[in-house]
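Could you put together the complete structure from these sequences and hints?
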Amino acid sequence: MATASCKSLEDSETARESEEETEIPKDFEPGASSESILISIDLYEEVENSPGSVYEDVSYRRRKSTICELERSAGKRVLAEEQVETSKSFDDKSQDGQLKAEIGHDESIRIKNSPNVEPIRIEMESIQMSSDEEKHEIIETAEDIHNPEWKQHSKHIFILSEAGKPIYSRFGSEDKLVTLMGVMQALVSIVQDNGDVIRSIHAGDHKFVFLVRLPLILVAVANTNASAPQLVVQLNCVYNLILSVLTSTQLCSIFEQRRNYDLRRLLGGAEKFLDNLVDTMDSDPSFLLVAVRCLPLTSAIRDTISQSIVQYCSKVKNVVFAILVAKNQLVTIVRMKKYSLHPSDLHLVMNLVNSSDSFKAAESWTPICLPKFDSSGFLHAHVSYLDDNCPACLLLLTVDKNLFFTLQECRRKIVERLHRYNCLEAINASLESEGYSVSEVGLPDLRHFIYKSKSAAQFTEPRLEAPYVSNEDQSNLFGLYQYLHHRMYNSARPLKILFYVGQKEIMLSWHMAGFELYAAFEPMVTKFTAVNTMNKLVRWIKKEEDRLFIMNAPTI
Amino acid sequence: MKRVDLKIVLLGKEYGGKTSLLERYLYDHFHGDLPYQNTIGAAFGAKKIQLDDKQITMGIWDTAGSERYEAMSKIYYRGAKAAIVCYDLTDSSSFERVKFWVDELKKFEEDCMIYLCGTKKDLVQEDRQCRKIDYHTTTDYADEIGANLFETSSKTGECVRELFTQIAMDFVNKYVPSSKEKNEDLILESPGKKSTFCCSS
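Taken in sequence, the protein lines are chains A and B. In terms of UniProt numbering, the first sequence opens at residue 1 and continues consecutively. In terms of UniProt numbering, the second sequence opens at residue 1 and continues consecutively.
Hints listed in this document are in silico derivations from the structure and should not be mistaken for laboratory results. All values reported here derive from a predicted model rather than from experimental measurement. Where a beta carbon is used, it is the ideal one built from N, C-alpha and C, also for glycine. Possibly wrong hints are sitting among the right ones.
Which residues of chain B face chain A? A few of them, derived with a C-beta cut under 7 Å, are [to be verified]:
1. 36
2. 39
3. 42
Using 27 Å as the maximum straight-line C-alpha spacing, the simulated BS3-like pairs for lysine-lysine come out as follows [said to hold, decoys possible]:
4. A:413 - A:315
5. A:360 - B:107
6. A:165 - A:176
7. A:360 - A:401
8. A:527 - A:543
9. A:327 - A:413
10. A:360 - B:74
11. B:106 - A:401
12. A:338 - A:317
13. B:107 - B:74
14. A:26 - A:527
15. A:360 - B:48
16. A:360 - B:132
17. A:337 - A:315
18. B:99 - A:413
19. A:272 - B:155
20. B:48 - A:413
21. B:174 - B:54
22. B:74 - B:99
23. B:132 - B:106
24. A:165 - A:151
25. A:337 - A:64
26. B:155 - A:401
27. A:155 - A:165
28. B:74 - A:272
29. A:543 - A:26
30. A:64 - A:327
31. A:317 - A:64
32. A:542 - A:496
33. A:401 - B:132
34. A:327 - A:543
35. B:74 - A:317
36. A:401 - B:48
37. A:536 - A:26
38. A:504 - A:536
39. B:54 - A:401
40. A:504 - A:155
Written as structure tokens, this is what we have:
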């Protein structure tokens, strides 16, 4: 909803402001290319369009599974045995289940899932009282609800089952939080009884944000700068991570068979993916922007890398995506024609690589579900680092589970070619320089910025330098970006330009048809200078776009 | 062209020491000081071994012990000639999982030779109290299912090499006739044929 009104406002008065002071064409978009490697998506669209329960998702996917489509096109009749089994058991169940959901197309799904519910404000007395009451009884050494340290954390994320069973908590042990999760479940179901959906509770600085994705309930409790809609987006990412580990098919059938199932058994070993994701979201703009950070490389080098991958992967049938990432930055993606990758799927892939060192030890063959691509089944990923001395990780994703040795060989040849053309050195050099300095832009009042090309779903930012050195300063800055972002996307009053005078800096954000730009300036800068600087900045980005963005979308 | 003569799979409960066992064998190192890293999916490692006049390439799959991968474990153990089912000598529940894996293998992969492997022996040697699985229970069970039994320590390297050498020798005796007629079957050449190879043998 927010995006629609945002666009309509472009022509209205706020737009005038920017035109007066700039000669930037309306559709100007540095970093955009004719064909994007990623699917471009507006922030809240993703959450709004997601089905409210996995059951709906599964029934939708049964009609339209990308993996099945791929397998069919590869001439494979037989599905992966596991998939057949699970979907069969689901078939039987769905007959008498409530969710027969005669949904013909996307549209009606959307309607079903976005009930017109006003956010509810509830005073949080009841919960706080209950924790106060018990406060004096026991003081545990482990972090739990009675522990002052536990309460100090600025953001908590909880996952529980529909039945109120704890599944995950960022801090403390789930077992000790049973009662708390019970309260959360009760809140959700009380509101549900009235045919409503609970969205958030606001109590002072704290926001309690709920995302109901049956059979799961996700809750964020935060006193950070993140707004309630932003926290919902974060919860949605967490939910997608669960799907990426289990698939919607499996999640669905487990809870259909046993409503009281303890999902932690199946998530064993995945806690660190969750921890890492939840932590990263507090400092990485990728999730806020639903975009991907690219590793700066000259276009010649990047093309060589892409071509090397294309050259060998095109000989292998069934490679859907080949992804090269280095330290949370995208080097390149090669994709099968017709199929594009969703940025949030890519975030999950990067999170997988970042959370574990076990890929460094040996090449791996692992199932992974990309929920936006197809939440119903697994792709199989050949995961390997290019070299002991290069932290770039190559993932070859396929629908064929028997392809390991073929991909191993394919990967060997790719690495050989990358060595021959000194691509690894180039990647290392770029990583070592840690991106670029804001001083390279040559605009003295500018301290830092984040620029997102909308159609490319990619963003760029200089490295954090003085005065943003300490963790505290860095997270303050990120908080300001979150605040700007929230104001710009405020569904009640979306903005086009926002000039914000902060305590230690001046912030400016600017949305155009093609891009989003957020920047931090010296505290004494005038509005006029700041806006002028933004114009120059956009032109600088245009000049550097070949290096900062992936402009080609190679396919196989 | 990738040649793997002998496919070996490591199975067992998570935190049972499978990855450490493999790392000790492949690279001869042990990272006791690093925090525990659970395997994701499965990792693959290959090693050549020289037995008298024959050289064999072993392809070893180190699977993740986490329960959610069980449904997919077939991908990894299908066509395996040998399976090392690991259990943690200091964790009694890990031996329960051994029975699960053995049943699974007997059911779906009849020809696969089974090797039981008790890990973390150095811990029980340090402190007898640590041992949670009685040695004779394991030998009885091994006899019952016709498996070999090893107790290893990846930290000290005790019995690790012996285990893999034993597997390689058993494999040679069982599958490689002195004349080389059957050898062709064991070469993985064309990518598309891998599954056929696995099933047909």
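Hints versus structure:
Taking 7 Å as the C-beta cut-off, the interface hint given for residue 36 (chain B) is violated, the closest approach to chain A being about 10 Å. With 7 Å as the threshold, the beta carbon of residue 39 (chain B) comes within range of chain A, its nearest partner Cβ sitting at about 5 Å, so the hint holds. At about 5 Å, the closest approach between the beta carbon of residue 42 (chain B) and any beta carbon in chain A falls short of 7 Å, and the interface hint on this residue holds. For the suggested pair residue 413 (chain A) and residue 315 (chain A), the alpha carbons sit about 12 Å apart, so the restraint of at most 27 Å is met.
The suggested pairing of residue 360 (chain A) with residue 107 (chain B) is violated, with an alpha-carbon distance near 34 Å, which exceeds 27 Å. Restraint check: the Cα-Cα separation between residue 165 (chain A) and residue 176 (chain A) comes to about 12 Å, which is no more than 27 Å; the hinted pair holds. Taken as a hint, the residue 360 (chain A) and residue 401 (chain A) pair is honoured in the structure, with Cα atoms around 22 Å apart against an allowance of 27 Å. Between residue 527 (chain A) and residue 543 (chain A) the alpha-carbon distance is near 25 Å, which keeps this suggested pair within the 27 Å criterion.
A hinted pair counts as satisfied when its Cα atoms are at most 27 Å apart, and residue 327 (chain A) with residue 413 (chain A) qualifies at roughly 23 Å. With a C-alpha separation of about 24 Å, the suggested pairing of residue 360 (chain A) with residue 74 (chain B) holds against the 27 Å cut-off. Note on residue 106 (chain B) and residue 401 (chain A): the hinted pairing holds, with a Cα-Cα distance of about 23 Å set against a maximum of 27 Å. Distance hint between residue 338 (chain A) and residue 317 (chain A) is fulfilled; the C-alpha atoms sit about 15 Å from each other, no more than 27 Å.
Between residue 107 (chain B) and residue 74 (chain B) the CA atoms are separated by roughly 11 Å; this keeps the pair inside 27 Å, and the hint holds. Pair hint residue 26 (chain A) plus residue 527 (chain A) holds up; C-alpha atoms about 21 Å apart against a cutoff of 27 Å. In summary, the hint linking residue 360 (chain A) to residue 48 (chain B) is supported, as the alpha carbons are separated by about 21 Å, within the 27 Å threshold. Distance check on the hinted pair: residue 360 (chain A) and residue 132 (chain B) sit about 33 Å apart at the alpha-carbon level, beyond 27 Å; violated.
At roughly 14 Å between alpha-carbon atoms, residue 337 (chain A) and residue 315 (chain A) fall within 27 Å of each other, so this suggested pair holds. For the hint linking residue 99 (chain B) to residue 413 (chain A), the alpha-carbon distance of about 41 Å lies beyond 27 Å, and the restraint is violated. At roughly 25 Å between alpha-carbon atoms, residue 272 (chain A) and residue 155 (chain B) fall within 27 Å of each other, so this suggested pair holds. The suggested pairing of residue 48 (chain B) with residue 413 (chain A) holds, with an alpha-carbon distance near 21 Å, which does not exceed 27 Å.
Simply put, residue 174 (chain B) and residue 54 (chain B) have alpha-carbon atoms about 14 Å apart, close enough for the 27 Å limit, and the pair holds. Between the alpha carbons of residue 74 (chain B) and residue 99 (chain B) the distance comes to roughly 16 Å, so the proposed pair stays at or under 27 Å and holds. Straight-line distance between C-alpha atoms of residue 132 (chain B) and residue 106 (chain B) comes to about 26 Å, which keeps the hinted pair within the 27 Å bound. Taking the CA atoms of residue 165 (chain A) and residue 151 (chain A), the gap is near 21 Å; set against the 27 Å cutoff, the hint holds.
With a CA separation close to 18 Å, the supplied pair residue 337 (chain A) and residue 64 (chain A) stays within the 27 Å bound. At roughly 34 Å between alpha-carbon atoms, residue 155 (chain B) and residue 401 (chain A) are farther apart than 27 Å, so this suggested pair is violated. A hinted pair counts as satisfied when its Cα atoms are at most 27 Å apart, and residue 155 (chain A) with residue 165 (chain A) qualifies at roughly 21 Å. Proposed proximity of residue 74 (chain B) and residue 272 (chain A) is supported: the alpha carbons are some 25 Å apart, at most 27 Å.
Proximity of residue 543 (chain A) to residue 26 (chain A) is assessed by CA-CA distance (about 18 Å); at most 27 Å being required, the pair is judged to hold. Using a Cα cut-off of 27 Å, the hinted pair residue 64 (chain A) and residue 327 (chain A) is violated, with the two alpha carbons roughly 34 Å apart. Between residue 317 (chain A) and residue 64 (chain A) the alpha-carbon distance is near 22 Å, which keeps this suggested pair within the 27 Å criterion. With a C-alpha separation of about 20 Å, the suggested pair residue 542 (chain A) and residue 496 (chain A) falls inside the 27 Å cut-off, and the hint holds.
Between residue 401 (chain A) and residue 132 (chain B), the direct Cα distance comes to roughly 38 Å. Violation of the 27 Å bound is thereby established for this hinted pair. The suggested pairing of residue 327 (chain A) with residue 543 (chain A) holds, with an alpha-carbon distance near 25 Å, which does not exceed 27 Å. For a cut-off of 27 Å, the pair hint linking residue 74 (chain B) to residue 317 (chain A) stands: about 22 Å separates their Cα positions. Pair hint residue 401 (chain A) plus residue 48 (chain B) holds up; C-alpha atoms about 25 Å apart against a cutoff of 27 Å.
With a C-alpha separation of about 15 Å, the suggested pairing of residue 536 (chain A) with residue 26 (chain A) holds against the 27 Å cut-off. Taken as a hint, the residue 504 (chain A) and residue 536 (chain A) pair is honoured in the structure, with Cα atoms around 23 Å apart against an allowance of 27 Å. With a C-alpha separation of about 31 Å, the suggested pairing of residue 54 (chain B) with residue 401 (chain A) is violated against the 27 Å cut-off. Under the criterion of a C-alpha separation no larger than 27 Å, the hint pairing residue 504 (chain A) with residue 155 (chain A) is consistent with the structure, at around 24 Å.
Of the numbered hints stated above, those contradicted by the structure are hints 1, 5, 16, 18, 26, 30, 33, 39, listed in ascending order.
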